Structure formats: C-alpha cells, structure tokens
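Dock chain X against chain B, hints included.
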Amino acid sequence: MKTNDSHFELIRRCCDGGASSQDLAQLEVSLCKDVEFREAYVRYVNLDVALSNWAQLDPMSKALQKAPQRLIWRPITAAAAGLVFGMFCTSMVFGFVAQRAGAVNSVPLSVFDGGLEDEKQILKDGLPVLAGQWGMDAASIVPAEGQVRPLQGKSMMRLEPIPHEKPVKNHTSRVYQVLDLNSQPLAMVNGEAEAEITASFCAAKSDFSSRYLIRAIALDEEPEVAIKNFWSKVESDEVVSESQRFDSVPEDVGWQTFSMKLRLPPESKTLVLIFGAVPPVDATLPALVHYLDKVQVTLCTNRSLP
Amino acid sequence: MTDSDREQHDQFLRFFMRHEESLRVFLRSLLFTHDEQREVMQEVAVVLWRKFDVGMDSQSFCRWAFGVARMEALAFRRDRARDRHTFGDEVFELLSQTVVNHSSSLEAERRALDLCLKKLPEDQRQIIQNAYAPGVKIDQLANRMGRTAMALYKTLHRIRLMLMDCTRRVIATEEY
Chain B
1 MKTNDSHFEL
11 IRRCCDGGAS
21 SQDLAQLEVS
31 LCKDVEFREA
41 YVRYVNLDVA
51 LSNWAQLDPM
61 SKALQKAPQR
71 LIWRPITAAA
81 AGLVFGMFCT
91 SMVFGFVAQR
101 AGAVNSVPLS
111 VFDGGLEDEK
121 QILKDGLPVL
131 AGQWGMDAAS
141 IVPAEGQVRP
151 LQGKSMMRLE
161 PIPHEKPVKN
171 HTSRVYQVLD
181 LNSQPLAMVN
191 GEAEAEITAS
201 FCAAKSDFSS
211 RYLIRAIALD
221 EEPEVAIKNF
231 WSKVESDEVV
241 SESQRFDSVP
251 EDVGWQTFSM
261 KLRLPPESKT
271 LVLIFGAVPP
281 VDATLPALVH
291 YLDKVQVTLC
301 TNRSLP
Chain X
1 MTDSDREQHD
11 QFLRFFMRHE
21 ESLRVFLRSL
31 LFTHDEQREV
41 MQEVAVVLWR
51 KFDVGMDSQS
61 FCRWAFGVAR
71 MEALAFRRDR
81 ARDRHTFGDE
91 VFELLSQTVV
101 NHSSSLEAER
111 RALDLCLKKL
121 PEDQRQIIQN
131 AYAPGVKIDQ
141 LANRMGRTAM
151 ALYKTLHRIR
161 LMLMDCTRRV
171 IATEEY
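If you're matching them up, the sequences are chains B and X in order. Straight run, no breaks: the first sequence in the working numbering ends on number 306. Straight run, no breaks: the second sequence in the working numbering ends on number 176.
Extracted from the complex, chain X is given alone in its bound form:
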C-alpha cells in the first residue's frame, strides 16, 4: 500500500465511521427487514469505497453517501423486495434530512439504550436478545416459546416502546 493509498484509506475510514450509523438507520428506514438492511449496507459500503474521492470533505461525503444509499435501496427494492413498494423521491429526501438533522439526538438515544437495557427485566432482555440474534426467524422463535408470531411481535413492540420512553427519560434527566 503506497502512502497515497494509505492516506485515501484513512480519510475514507474517518468519513465512513463518522456517518455509518446514520446511513444504517437511513437504510433501515427504507427497507423493512434487518437482513435487507445489512445486505444493502454492504453494497453501499463497497460502492463508497470504490468511488471515494479523497478531495471530499465530511459534508460532501455525507451527502454523497446518502445518495448512494438511496440508490442502492431503490435498486434492491425494485429487484428483490417481495412487495415492490418503493418510496417516492420526497420520502427519500425527508427521511435522509431527518436522520442527518437528528443524528446527535439519535446517537444520544443509542448511548442511553445501554443503560435502559440494563434496567429492563431479565425476561424481556432475553426476548430482545433472542429475537435480534443473527439469523433468527420470529415465527420459529415464537414456536419454541409456545407463542404465536404475532404475540411475540407485539411483545417486542411493547418493549421497544418502553425502551424509547426510557432513553428519552434518561437523556432528559441527564442521568446518562
């Protein structure tokens, strides 16, 4: 690796790391399963690395990266998604703006989540652990738990809402 390659690599790494979580959230907002989001995120990362221009600053990288993410999500949903529903341009724009504009508060919520998860009753934490483990299918997990998939989805939803309330409280009270 030459010095120039290394410089390009390091610069890319700095920018990518700075915006990666926002990109991930943006993609998840456009795609309706974790597997889809992970798969598209890989493609986005590859495209960004291949086409990265070392002359970019962080802001232009961010704009460009969100554009790439949008195109990759569009392509994925067009070619692969079962429902074929694709958002209009306005939604893409509004969602990317929301994610970028709220990146600090979203990051604060992610940090506060660690504390909220610790406060969660053990059985609920275990449900989250099991449901979000890689490769887990909710219907199979529900079956093992002797519940219906819908009941498990609802339980997960209630826990997520509790965690959202918790993270907001934690940030508001500066407990975090």
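Next comes chain B alone, as it looks inside the complex:
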C-alpha cells in the first residue's frame, strides 16, 4: 500500500486517538480482510513507536547516533545504557535497560511496590524509613481535583503549601523516595553511571509563577543505614548530590516536566530523591497547592551489556 493511499488517513485517526467508533469498526474489518492494509498499519505503528523513542533522546545522544550501523541496539535513553524506574506509572515499578547504539530494552524489577496508584499506601512523615516508601512534609495521594487530572494513572501526589508562619526551617513542600540500588541489576551496567530524574509538576492555579525542586543524593550505604542521620550526611563533601530548581511562568498551563542528572559513583547503594514545590519568596503572594506525577529515574551508563 503506497503512502498516498487514502486508507492511511484512517490509520492516522486511529493512531492519533481521534477515531470514531465507526473508524475503529472499519479498522478492524480492514485489519482482518486486507493483508496489505494490515502490514501498512503495523509499519505506521512501528514508525510511531520509533519516533516516540527518538524524541526522548537528548540532543547529545541524537548527535552521537550513527545511522549506518547494523545489529545494534536502538537507543531510548539520554546516554546509552540505562535503567528506568517508573515510579508513579503503576502500582508496581519496573526498569529498563538500554544501550546507546541499540534497541529499547527493558527488564521489570520488583523494586518499589505501592506507587501512587495504591490508595491504601500510607505516606510517612518526613524521610521514609523503607526503600520504596513515600515520605512527605505535607502531601497526600489524590485522584483528579478540579481541572487537574493525573498525568498518568488515576492518582497523583498533592503537595500542600506550608504556611510562611509555620515555624519550620524549610517551607518547601517536599516528598521523598529512597531507591535501593542494590535491588537493581546494576551488575548489568557495571561501573560508573548517571541517574536522570524526571518529574512532572502542575500548579492548582496558573495565575502565578511556580518554582519546583528536584534533588538527588547518592550514598554508599544500604538504605536502612543511609537514612539514619541523613540530613547531616548530606552536608558531607563525600556525598554525591545534585539539586536543581525549575521555574514555570503564569502562562504555563497544565503539567510541566523537568529533569536533572546526577553522577552515580560505582559504590552507590542508595539514591534518595526529593521533589518539592518551593513557596514564593514574596510572602504576600499566595502559596499554592501543586501536584506531582509521572516520576522516572533512568540510570545511564556507557558500558555495554554483557
């Protein structure tokens, strides 16, 4: 089937999510009866998936891509091999392993259970005591609220503002997650790696600018040890840590996705992640409710898989 065939318009509507029930019925008939159409549909879908993967590469990886290679893995992540932990996507977390010059490869891992889709999950006050548990300053897991719908799944994290007058050292409304790196197949990416943390935030009201925080801290201790006296350890020069703040302006409506990277030394055993909504510096401005969803952690390495 040539690409100027009108049947491709039906395929487009279906792939773009804009198909009517008649379109879907027609698609089903054509898929059943017409081999050429079926093959064209699969080719179109194949390209669509490949473009989605390509768009997730960072510019450096795209520049590094060498087209004329055979028998190579196709890239998905920013820089070569990686493990992706989708923390909010479902109630179970899984991982990806991918190589720079190669196909998207992934392996599921029973790393965290009870993501945001688990309504019975209890959020721990402050830093969590267990890997895979969420901790928070002032937050709750909620379904859609007002105009804000979860970016993925049915639930999202609601970050409550911490009033200026509250006598606490830090008024950023934070949530915490501790990742046990020992439970990941780090042997597959043996050596130094880089973690890329991506999170999406949304303000309950878009009339004001918002500032968000992503922070990651790598420690060379097991999680249960690492989280003891955690805040004092964070100040140590020996701890690898990265923190970035991201701003959205009033016209930024809806979910905003941000990411940052952290170099992970080979001896890293624990990764502590902190996500937060920073209150406005001007105390006269209202502190808003914000939402967090679709958090991912990608571990990237230049080493090849065995």
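By construction, these hints were calculated from the structure, which means they are not laboratory data. Predicted model, so just to flag it, every value in this text is computed and none were measured. Note that CB positions come from ideal geometry on N, CA and C, so glycine has one too. Be aware that a few hints might be false.
[Claimed, not checked] What follows is a set of in silico ranges between Cβ atoms, one per label pair, in the way DEER data are often shown:
| hint | chain 1 | residue 1 | chain 2 | residue 2 | range |
| --- | --- | --- | --- | --- | --- |
| 1 | B | E238 | X | M162 | 31 to 39 Å |
| 2 | B | V29 | X | A75 | 21 to 29 Å |
| 3 | B | D220 | X | S58 | 34 to 42 Å |
| 4 | B | H164 | X | D165 | 57 to 65 Å |
[Claimed, not checked] Over 10 Å on every C-beta distance to chain X, these chain B residues come out as not near it, computed from the model:
| hint | residue |
| --- | --- |
| 5 | Q56 |
| 6 | G153 |
| 7 | D207 |
| 8 | S243 |
| 9 | R263 |
| 10 | P280 |
| 11 | A283 |
| 12 | A287 |
Relative to the frame of chain B, chain X by itself:
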C-alpha cells in the same frame, strides 16, 4: 541474589530484550495512544518477570509474551479506554503474526529512521521532537504554534508518511 536467581534474571533479560520492541509495536497496534501503550507495557513487563519460567526457549517466550500483552491490552481497554472498543480474537492473532513475521524488516525500518530523520528539514524534525516529547498534548502544542490541533495532526501524518517512504528507499537502495 543467588546464582540461580541471577541465571533466571539474565535469561529473562536476554529474551525480553530480544522481543521487547516487537511487543511494544504490538501493543501500540492495539492501543490508541502512547500513554496507554506505555502503561500497558509496564504491566506486561511486570507480569512477564513475575511469571517467567527459566525453562522457556526464545520462541516459547515470544508466544507467551505476546499472549500476556494481548491479555493486558484487552483488560486495559475493557476497564480504562474511553471508546471501549476491543478487537476480536482474529485481529489480535493477525496483528501478532504480522509483527512477529515482519520483525526483521520492522527493525530495519527503525534503524533506517535515524538516517531519514537526519535528512528531514529542521522545522519538520522540530515538530516531531515537540509532538512526541513525553507528556505533550497535541492541542496545547498546536495552540502554542498558532495552529489548530487537526492541522498539526495532519502535518505529523505527512511527515510520518515521508519518513515511511524514506526508510523504504534507504533499505531498498542499501544506503543504510
């Protein structure tokens, strides 16, 4: 992790990596948005890992994995999809056969795509980049670009068709 666990893990990894892209394409052919496909792919991966039997060979893993993907897609569409349309058994079977039987040529097209994207005019490449970026809503993107969502969908469609022609040419001429 014991040696036995490691062996199971490594074996699973080999099989999963070998068939993952085909599974992804199969799921996309059954689900009508990228978000749906990603979400179901996660569930599929989890189920496969939980129930993986180290005694499987690659072919039986492939058959089993496509079966799991089919069941997860069915469950998702039944419970979550707005249109509730689910394909009949025949379509599932035909699509999985098509994806498996053409896995080599589909992989070749994916590889050739890198070259075709490089040949694409910068403005079109940027449209693809923006439209496929995670979390992007086409109507919002179209709004920012001063266009209607439908116009943007059509533009994306034209670019995809150009890329399909390009990948076919690249493979045919062995330029790739």
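Query raised in the report: In ascending order, which of the hints set out earlier in this document are inconsistent with the structure?
Result: Hints 1, 5 and 6 are the ones this structure does not satisfy, whereas the remaining hints hold.
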